[in-house]
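With the sequences and hints as input, model every part of the structure.
Letter by letter, the sequence shown follows residues -19 to -1, 1 to 136 of mature numbering (1 follows the signal peptide of the UniProt record, and there is no 0).
No lab work stands behind these hints, which were simulated from the structure alone. Take the hints with a grain of salt, since some may be wrong.
[What the hints assert, rightly or not] In the EDC-like style, the derived pairs of lysine to aspartate or glutamate whose C-alpha atoms are separated by at most 20 Å in a straight line are:
1) K43 x E27
2) K52 x D85
3) K43 x D87
4) K43 x D32
5) K43 x D22
6) K52 x D22
7) K52 x D87
8) K43 x D85
[Claimed, not checked] Quick list of the computed label-pair ranges, beta carbon to beta carbon:
9) N42 x S108: 26 to 36 Å
10) E107 x L64: 12 to 22 Å
11) D72 x T31: 25 to 35 Å
12) V53 x V125: 40 to 50 Å
13) D75 x D22: 37 to 47 Å
14) R19 x P119: 17 to 27 Å
15) W61 x E107: 13 to 23 Å
Backbone N, C-alpha and C define an ideal beta-carbon position, used for all residues, glycine too.
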Amino acid sequence: MLFIVSVVIGLSFAVVVSSDPDTHSNLGQVIFSHILFRHGDRMPLEFYPTDPYQDVSNWPNKIAQLTDVGKVQEFELGRWLRLRYNDLLSDHYDPDEIFIQSTDVDRTLMSAQCAMAGLYHPTMRESWHPALTWQSVPVHTVPVQADYLLGASST
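The following block contains the structure:
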């Protein structure tokens, strides 16, 4: 089953996203954005029968879970989104400005959280604990069986 993380940003998207945030700046005002992305790198979902590395103790994470590389990928995606949409987003999380939805799967929920950590680095106003450089941003989900928007199935 293919699971996709969705971030719906109530902002803007008038042009195709490029790797350079300034590439399309002269093409007009962005008024809305809907961003859909997949989870970061994950562990295998299953192993083939003769795989010499199928013993789970050979792996740093459990089967199908997001890897540390995947967490960094999503965090960097959030940082890139901040560069791309910095003029459109508040520095702090504003529930009237952004809505994040994920499938109800650990790796996709974690991917969304990591992306939001990159997008919203806490300012002094949002720092609620000196040891945490993270701002809590809600990630919404529905049970897999009821997810008709993001849940994908081969049937």
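Against the structure, the hints:
no., hint, verdict
1, K43 x E27, "holds (11 Å)"
2, K52 x D85, "holds (17 Å)"
3, K43 x D87, "holds (11 Å)"
4, K43 x D32, "holds (16 Å)"
5, K43 x D22, "holds (13 Å)"
6, K52 x D22, "holds (8 Å)"
7, K52 x D87, "holds (12 Å)"
8, K43 x D85, "holds (17 Å)"
9, N42 x S108: 26 to 36 Å, "holds (30 Å)"
10, E107 x L64: 12 to 22 Å, "holds (19 Å)"
11, D72 x T31: 25 to 35 Å, "violated (53 Å)"
12, V53 x V125: 40 to 50 Å, "violated (26 Å)"
13, D75 x D22: 37 to 47 Å, "violated (30 Å)"
14, R19 x P119: 17 to 27 Å, "holds (20 Å)"
15, W61 x E107: 13 to 23 Å, "holds (21 Å)"
In terms of the numbered hints stated before, the structure departs from hints 11, 12 and 13, listed from lowest to highest.
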